[in-house]
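2 protein chains.
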Amino acid sequence: MEERTEIASLGEFGLIEHLTKNFEIQNASTIVPVGDDAAVIDHYGKQTVLTNDLLIEGVHFDLMYTPLKHLGYKTVVVNVSDIYAMNATPTQILLGLGFSNRFSVEALDEFYAGVHAACDEYGVDLIGGDTSTSQKGFIISCTAVGEVAPDKYVRRNGAKKGDLLCVSGDLGAAFLGLTLLEREKRIFLENPQVQPDLEGEKYTVGRLLKPEARKDIIRFFEEAELTPTAMIDVSDGLSSEILHICKQSNLGCVLYEEKIPIAEETREAAFKFNLDPTTCALSGGEDYELLFTISQSDYDKVKEHPQISVVGFLNEAEEGRIIYTKGGTKHALTAQGWNAFNKGGA
Amino acid sequence: MEERTEIASLGEFGLIEHLTKNFEIQNASTIVPVGDDAAVIDHYGKQTVLTNDLLIEGVHFDLMYTPLKHLGYKTVVVNVSDIYAMNATPTQILLGLGFSNRFSVEALDEFYAGVHAACDEYGVDLIGGDTSTSQKGFIISCTAVGEVAPDKYVRRNGAKKGDLLCVSGDLGAAFLGLTLLEREKRIFLENPQVQPDLEGEKYTVGRLLKPEARKDIIRFFEEAELTPTAMIDVSDGLSSEILHICKQSNLGCVLYEEKIPIAEETREAAFKFNLDPTTCALSGGEDYELLFTISQSDYDKVKEHPQISVVGFLNEAEEGRIIYTKGGTKHALTAQGWNAFNKGGA
Chain A
-12 MEERTEIASL
-2 GEFGLIEHLT
8 KNFEIQNAST
18 IVPVGDDAAV
28 IDHYGKQTVL
38 TNDLLIEGVH
48 FDLMYTPLKH
58 LGYKTVVVNV
68 SDIYAMNATP
78 TQILLGLGFS
88 NRFSVEALDE
98 FYAGVHAACD
108 EYGVDLIGGD
118 TSTSQKGFII
128 SCTAVGEVAP
138 DKYVRRNGAK
148 KGDLLCVSGD
158 LGAAFLGLTL
168 LEREKRIFLE
178 NPQVQPDLEG
188 EKYTVGRLLK
198 PEARKDIIRF
208 FEEAELTPTA
218 MIDVSDGLSS
228 EILHICKQSN
238 LGCVLYEEKI
248 PIAEETREAA
258 FKFNLDPTTC
268 ALSGGEDYEL
278 LFTISQSDYD
288 KVKEHPQISV
298 VGFLNEAEEG
308 RIIYTKGGTK
318 HALTAQGWNA
328 FNKGGA
Chain B
-12 MEERTEIASL
-2 GEFGLIEHLT
8 KNFEIQNAST
18 IVPVGDDAAV
28 IDHYGKQTVL
38 TNDLLIEGVH
48 FDLMYTPLKH
58 LGYKTVVVNV
68 SDIYAMNATP
78 TQILLGLGFS
88 NRFSVEALDE
98 FYAGVHAACD
108 EYGVDLIGGD
118 TSTSQKGFII
128 SCTAVGEVAP
138 DKYVRRNGAK
148 KGDLLCVSGD
158 LGAAFLGLTL
168 LEREKRIFLE
178 NPQVQPDLEG
188 EKYTVGRLLK
198 PEARKDIIRF
208 FEEAELTPTA
218 MIDVSDGLSS
228 EILHICKQSN
238 LGCVLYEEKI
248 PIAEETREAA
258 FKFNLDPTTC
268 ALSGGEDYEL
278 LFTISQSDYD
288 KVKEHPQISV
298 VGFLNEAEEG
308 RIIYTKGGTK
318 HALTAQGWNA
328 FNKGGA
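So the sequence lines, in the order shown, correspond to chains A and B. Using the numbering used here, read the first sequence as starting at -12 and increasing by one per residue. Using the numbering used here, read the second sequence as starting at -12 and increasing by one per residue.
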């Protein structure tokens, strides 16, 4: 029989102690971690980068098919991804959790096991752990802290005309993983006897449930002495992110459909659902790849990198924001994003 | 007629822009504020202090009697209070908001007006503004960042035997404000014709709905060249906070009931409800005063301060954690906190 410890049996402070006791400090800059009014970190000679996210059950995740351990891992990934997208190194996170009494201590332990695994993977220290009851569902607030050498951070607004648009890894898989899990959920709700059919879908489902942030790309930038002119992480779909860079840099762009990196598994999954793989890459989300722009003179540094694709370039704002399809026709690039799909808009 | 703009009409990014456009940067250390993947702050020669809080409708606040503007103000106060409790100066905050579609843009504007007023009052910059829909209710996540000269932060665990227990301002008022508003809510729900009776209760209700954090006390410490040995803010009631300091400093304590500062308005309100004012101060919460310990040799620095009361001293752990009542009897100090009241436990 599975153990179930009621949260009330530990009390609020006992619970925080219980959940955070196995976290070891990984950064010398972490001076005071969890357990006081506030955490203290030291950033002599560095600049501090901060980001926060609020994740709400039923809006950002569905616990029917999301294991809590994966959710804990993904919470950290989503936040450190924003730190990497500034060309910085994540160093600490603060977590706030709200949960109704349907959750046991064991359930929270699962969540924290995932947080722990991600903290190890990305070398970050947990330095804040507020917990609270909620009237309904599971609510996660996460703040990530990172550091960067003075003025080495990369914003969204630094792209220049002629810069190359680059993207890491491949796109669209997480959206197809979601589509698949939503289908299996519907089938299960109609007939709980039917076992989920996830055969051959490990890649897309894995990309949704346990994404990784591209710390390797940030390390590569350092080794290659390459500083992108602008950067953003791909959480809402490629087109939405490109449009952010265009808007904030006051530029237009040209994107080539044939250059958009899409994994073979993603293409196959898309075809099964009668979806266009390019649309999934453009308007799906949660891939947590990095979209960045580089000066043309840096092209030689990225051209051999197996995890970086050049997908287009930046142009005068007056030239518009354009995508050339494989057939050679020209369309305006529009942002639909994740939400458009959820509403059946794509 | 009141204006009502649907949030969907602005879109997520339009909404953040709309809500944050009037915030001016107040700290030179704020390099990149709201609007990128992450914020960037500069802390050369200082240490960074961080804290976060998750506030959930129906758990931490009741919108039936909490104006959204006050709630925005209080959100900032609650977080900067934790920064002051480290003897640090708050410099930035990051906000995450979740809200269902019952909220209009005007409602969020009200909330942000309160945030803005508090940012001005406490000199902090808003540097992060994640927003999200929620399935139910209003959810607030707030992270505050502060700075402190190297190794000048004050933790909960630094108290020594013989140190004096001091508290700022007065206690118990916020709990009585809550008791009153809960009573008026019940009366209103039973008979919506009855007007709320808040005559003479401005002080207690104000302490609940629009608390202030004690930046004046932190400034006084600096001017008086006084560094407390331990400090915590009073959010859960005096006894709970004293026990935190005792536990983390591995000490016992003696507290004198007659020394606990309670405002005349608080006493009067307590008597109306047949409550003991001391119990309200010990076990109520949300006063956001500072509880701190100082070496006896620093007594002369605080003895004339009209906003600081010496309420007891720290002792060997073996001597226990004790309160002497006005009648001279001796009791063990126990933590009941805010929740005990809500459950009718006090």
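Derived by calculation from the structure, the hints in this document are not laboratory data. From a predicted model like this one, the values you see are computed outputs, not experimental measurements. Treat the hints with care, as some may be off.
What the hints assert, rightly or not - Quick list of in silico lysine-lysine cross-link-like pairs, DSS-like style, CA-CA up to 30 Å: (1) A/Lys139 to A/Lys123; (2) A/Lys8 to B/Lys234; (3) A/Lys123 to A/Lys234; (4) A/Lys8 to B/Lys56; (5) B/Lys202 to A/Lys33; (6) A/Lys197 to B/Lys313; (7) B/Lys197 to A/Lys123; (8) A/Lys197 to A/Lys246; (9) B/Lys123 to A/Lys56; (10) A/Lys123 to B/Lys139; (11) B/Lys123 to A/Lys172; (12) A/Lys234 to B/Lys8; (13) A/Lys33 to B/Lys172; (14) B/Lys139 to A/Lys33; (15) A/Lys189 to A/Lys202; (16) B/Lys33 to A/Lys123; (17) B/Lys234 to B/Lys139; (18) A/Lys313 to A/Lys139; (19) B/Lys202 to B/Lys234; (20) B/Lys172 to A/Lys123; (21) A/Lys139 to B/Lys197; (22) A/Lys139 to B/Lys8; (23) B/Lys8 to A/Lys8.
Structure-based check of each hint:
1. A/Lys139 to A/Lys123: violated (42 Å)
2. A/Lys8 to B/Lys234: holds (17 Å)
3. A/Lys123 to A/Lys234: violated (38 Å)
4. A/Lys8 to B/Lys56: Outside the cut-off at roughly 38 Å; violated.
5. B/Lys202 to A/Lys33: Roughly 27 Å separates the two Cα atoms, so the pair holds.
6. A/Lys197 to B/Lys313: violated (60 Å)
7. B/Lys197 to A/Lys123: With Cα atoms ~27 Å apart, B/Lys197 and A/Lys123 stay inside 30 Å; holds.
8. A/Lys197 to A/Lys246: holds (26 Å)
9. B/Lys123 to A/Lys56: holds (24 Å)
10. A/Lys123 to B/Lys139: It is violated: about 41 Å lies between the C-alpha atoms, which goes past 30 Å.
11. B/Lys123 to A/Lys172: Holds, because 22 Å separates the two Cα atoms, which is no more than 30 Å.
12. A/Lys234 to B/Lys8: holds (17 Å)
13. A/Lys33 to B/Lys172: With a Cα-Cα distance of about 51 Å, the restraint between A/Lys33 and B/Lys172 is violated, given a limit of 30 Å.
14. B/Lys139 to A/Lys33: holds (20 Å)
15. A/Lys189 to A/Lys202: At roughly 23 Å apart (the allowed maximum being 30 Å), A/Lys202 and A/Lys189 satisfy the hint.
16. B/Lys33 to A/Lys123: Distance ~40 Å between B/Lys33 and A/Lys123 Cα, so the pair is violated.
17. B/Lys234 to B/Lys139: Holds, at about 22 Å.
18. A/Lys313 to A/Lys139: At roughly 37 Å apart (the allowed maximum being 30 Å), A/Lys139 and A/Lys313 break the hint.
19. B/Lys202 to B/Lys234: Within the cut-off at roughly 26 Å; holds.
20. B/Lys172 to A/Lys123: OK: B/Lys172 and A/Lys123 at ~22 Å, within 30 Å.
21. A/Lys139 to B/Lys197: violated (41 Å)
22. A/Lys139 to B/Lys8: The hint holds at about 26 Å.
23. B/Lys8 to A/Lys8: Distance ~41 Å between B/Lys8 and A/Lys8 Cα, so the pair is violated.
Going through the hint list in order, the structure does not satisfy hints 1, 3, 4, 6, 10, 13, 16, 18, 21, 23.
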